[in-house]
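Trainee: Taken in sequence, the protein lines are chains A and B. Here the numbering used here is used: position 248 in the first sequence is 248, and no number is missing along the way. Here the numbering used here is used: position 27 in the second sequence is 27, and no number is missing along the way.
By construction, these hints were calculated from the structure, which means they are not laboratory data. Note that the structure is predicted; figures quoted are calculated from it, not measured. Not one of these hints is a red herring.
If several chains are the same, the list does not tell them apart, and a pair holds so long as it fits within one copy or across any two.
Computed cross-link-like contacts, DSS-like style, restricted to lysine-lysine with a CA-CA straight-line distance of at most 30 Å: (1) K54 / K391; (2) K38 / K8; (3) K54 / K8; (4) K104 / K125; (5) K30 / K8.
There are 2 protein chains.
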Amino acid sequence: MTDFAATKALFHLPQGVIYLDGNSLGPLPKSAATRVSKAVSDEWGEMLITGWNKAGWMAQPGALGERIGRLIGAAAGSTVIGDTLTIKVFQALASGLSLRPGRKVILSDTGNFPTDLYMAEGLIKALDQGHVLKTVAPEDVAANIDETVAVLMLTQVDYRTGRLHDMNALTAQAQGCGALTIWDLAHSAGALPVDLTAANADFAVGCTYKYLNAGPGAPAFISVAPRHIDHIAPALSGWLGHAAPFAFDLDYRPGAGIERMRVGTPPVLQMAALAAALDVWDTADIADVRARSIELTDLFVTLVEAACPGLTLASPRDGYARGSQISFAHPDGYAIMQALISRGVIGDFRAPDIMRFGFTPLYIGEEEVRAAVAILAEILESRLWDRPEFKTRAAVT
Amino acid sequence: MTDFAATKALFHLPQGVIYLDGNSLGPLPKSAATRVSKAVSDEWGEMLITGWNKAGWMAQPGALGERIGRLIGAAAGSTVIGDTLTIKVFQALASGLSLRPGRKVILSDTGNFPTDLYMAEGLIKALDQGHVLKTVAPEDVAANIDETVAVLMLTQVDYRTGRLHDMNALTAQAQGCGALTIWDLAHSAGALPVDLTAANADFAVGCTYKYLNAGPGAPAFISVAPRHIDHIAPALSGWLGHAAPFAFDLDYRPGAGIERMRVGTPPVLQMAALAAALDVWDTADIADVRARSIELTDLFVTLVEAACPGLTLASPRDGYARGSQISFAHPDGYAIMQALISRGVIGDFRAPDIMRFGFTPLYIGEEEVRAAVAILAEILESRLWDRPEFKTRAAVT
Numbered sequence: 001m002t003d004f005a006a007t008k009a010l011f012h013l014p015q016g017v018i019y020l021d022g023n024s025l026g027p028l029p030k031s032a033a034t035r036v037s038k039a040v041s042d043e044w045g046e047m048l049i050t051g052w053n054k055a056g057w058m059a060q061p062g063a064l065g066e067r068i069g070r071l072i073g074a075a076a077g078s079t080v081i082g083d084t085l086t087i088k089v090f091q092a093l094a095s096g097l098s099l100r101p102g103r104k105v106i107l108s109d110t111g112n113f114p115t116d117l118y119m120a121e122g123l124i125k126a127l128d129q130g131h132v133l134k135t136v137a138p139e140d141v142a143a144n145i146d147e148t149v150a151v152l153m154l155t156q157v158d159y160r161t162g163r164l165h166d167m168n169a170l171t172a173q174a175q176g177c178g179a180l181t182i183w184d185l186a187h188s189a190g191a192l193p194v195d196l197t198a199a200n201a202d203f204a205v206g207c208t209y210k211y212l213n214a215g216p217g218a219p220a221f222i223s224v225a226p227r228h229i230d231h232i233a234p235a236l237s238g239w240l241g242h243a244a245p246f247a248f249d250l251d252y253r254p255g256a257g258i259e260r261m262r263v264g265t266p267p268v269l270q271m272a273a274l275a276a277a278l279d280v281w282d283t284a285d286i287a288d289v290r291a292r293s294i295e296l297t298d299l300f301v302t303l304v305e306a307a308c309p310g311l312t313l314a315s316p317r318d319g320y321a322r323g324s325q326i327s328f329a330h331p332d333g334y335a336i337m338q339a340l341i342s343r344g345v346i347g348d349f350r351a352p353d354i355m356r357f358g359f360t361p362l363y364i365g366e367e368e369v370r371a372a373v374a375i376l377a378e379i380l381e382s383r384l385w386d387r388p389e390f391k392t393r394a395a396v397t
Numbered sequence: 001m002t003d004f005a006a007t008k009a010l011f012h013l014p015q016g017v018i019y020l021d022g023n024s025l026g027p028l029p030k031s032a033a034t035r036v037s038k039a040v041s042d043e044w045g046e047m048l049i050t051g052w053n054k055a056g057w058m059a060q061p062g063a064l065g066e067r068i069g070r071l072i073g074a075a076a077g078s079t080v081i082g083d084t085l086t087i088k089v090f091q092a093l094a095s096g097l098s099l100r101p102g103r104k105v106i107l108s109d110t111g112n113f114p115t116d117l118y119m120a121e122g123l124i125k126a127l128d129q130g131h132v133l134k135t136v137a138p139e140d141v142a143a144n145i146d147e148t149v150a151v152l153m154l155t156q157v158d159y160r161t162g163r164l165h166d167m168n169a170l171t172a173q174a175q176g177c178g179a180l181t182i183w184d185l186a187h188s189a190g191a192l193p194v195d196l197t198a199a200n201a202d203f204a205v206g207c208t209y210k211y212l213n214a215g216p217g218a219p220a221f222i223s224v225a226p227r228h229i230d231h232i233a234p235a236l237s238g239w240l241g242h243a244a245p246f247a248f249d250l251d252y253r254p255g256a257g258i259e260r261m262r263v264g265t266p267p268v269l270q271m272a273a274l275a276a277a278l279d280v281w282d283t284a285d286i287a288d289v290r291a292r293s294i295e296l297t298d299l300f301v302t303l304v305e306a307a308c309p310g311l312t313l314a315s316p317r318d319g320y321a322r323g324s325q326i327s328f329a330h331p332d333g334y335a336i337m338q339a340l341i342s343r344g345v346i347g348d349f350r351a352p353d354i355m356r357f358g359f360t361p362l363y364i365g366e367e368e369v370r371a372a373v374a375i376l377a378e379i380l381e382s383r384l385w386d387r388p389e390f391k392t393r394a395a396v397t
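Here chain A stands alone, though its shape is the one from the complex (with noise of 0.2 Å):
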């Protein structure tokens, strides 16, 4: 059993705040700051360009993705890090549709996080070749997958609702009629048990900033079923998936493996930090993870129903049903977070009139649930949010 007290132990959490924001961005595991000052220091700053070999640079995008493929259920050697998200969905979804070259549709849901869209009409774009975009609602997917689709390409769990797809179901269906399959695990990866193994998943793609805690810009992953690795020919064929960049050779040869998804020079002070907070799930059982956070995502809803009047829930009832958030909505929602906030209750707001709260049991327990429903009642009573300062939207939301 995952001690809990022990994990929350191992983040910095600043005073006087109730971080329900992990699903956005973790807080910085204790050891990331020690290991990104190692990594500047003594490995930078001494080793300089000897770092590559001595430090381990160039292998650490591979071992990293290892490490991330046992927390989803990947097999061996078919995970990578890299890059950002958005960059592992072109991977993917270029890889999916030239594996599929008479198929002209890519089908995703509108609960799909708009980055993956975009990537899909950027793509689309440019290959001049005739595909489309379709986009239906989430609990349509399931009806309209068809012989004409490519891919199907969904994020797990919707980023605005953490409304979860059902991962097997779909997989299987999806091949049932020939087509891949694309998950995003963004919101999955660290927040509850993934086995892409026992979906049979074609691609999964993520991020390590949210539930796995590797900080603001940390590198996106890819895994690529061991089946298909081997028949990609990358669109992305940068030199460091090249099956020998320090030949130089001026035609490209894809790398062994899953090694031909790495594109360019990786980032060796955020993989720094995700060494570290990949250190976590060293003490945390991620089936555990998963039961406390049903728990505490209950005990959520439960009492801002009780005590909150004017919300209405946006995440399915069922905890098996959802992520590890908790979505409410109000007209008003913006403003409502922006007084959270200043009270010390961080979580976030997505258009139109989502207020989002993450709960991660590795640093959030009952009393900071009891006490952010305590002063979201209070803000909700006194209408401190219906100030103008809370009204005025910032950059980024």
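Knowing the structure of chain A, use the given hints to seat chain B on it.
Mentor: Just chain B now, with coordinates in the frame of chain A:
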């Protein structure tokens, strides 16, 4: 006049090392260690998600791009940082081809860095629209510019020999034939004066971990001439290049100007190092750096040729015809470079037989040049390099 003793004091240089590899990875600016630590502990640690606004993370790619833009003569508001140089090459190429729909040739040279050529190959294959990559010898580029060329893509300074292309002349010639130009400034930015505006260049890309000293895996940059930017529909249409990323629209609309060349979440920790590294240029003038670099490289060539028989100069003898490096060829170049590194003189090796030595006046002076040559001469005379341990190839050369 730049005070090079003062700029040298801004860097951490390990004891007993003469660092002649700043053309591959610049050394640690002392202030970068402090700045990164602040980004980790004071920003990520204390501000958490609010750092995107409070610490200005979201605006940093444009602000840092602007500072780099000033170093390379880019128009105001035409440069942004992010991703890796490899990705930025892809963006520039995809944009360039889309602006010249009737033309099919990407012209480059065999002295271009392989990842640039690989990305062209990958793009061409993905597009499947009949484009070809034509790669000629560096000295034959001008003779191969004609009306079939869509994009002329060159690295200004040859990564092996240091040979410098004439950016102004080749750009004018290419544009005279209706082609667009992409200049890779990997070995130019921070090494020599570049004036993209005077050259009328269409696109420029570059990395920041070489002569800009921003650390291993530092983000890249892209500049797009203002006359083009509004006509570009980005192939990598990520959410942070969207006109309103936090509106979470389902459809992509490109952001204003150069902002559309942003893709995903920027690497906040690496940006902190870059911000500190760029401060060095507040006290250094690039014209002074260039003049001193030519003095130092000329001195190095003279001393090596006098003291080190068996080495063949692989760089242009004329200082104005090369970048800020000197390359010498030797059949046992790999082993000789390993022996040099074992004696504290760090350069690097590029297959098949090139030893590269980078000279960065910001922290390298005449004393280091003389000491390095003395050690090189001693290694050659004693045949120290002729030992098995210096002949085993490392993963990264």
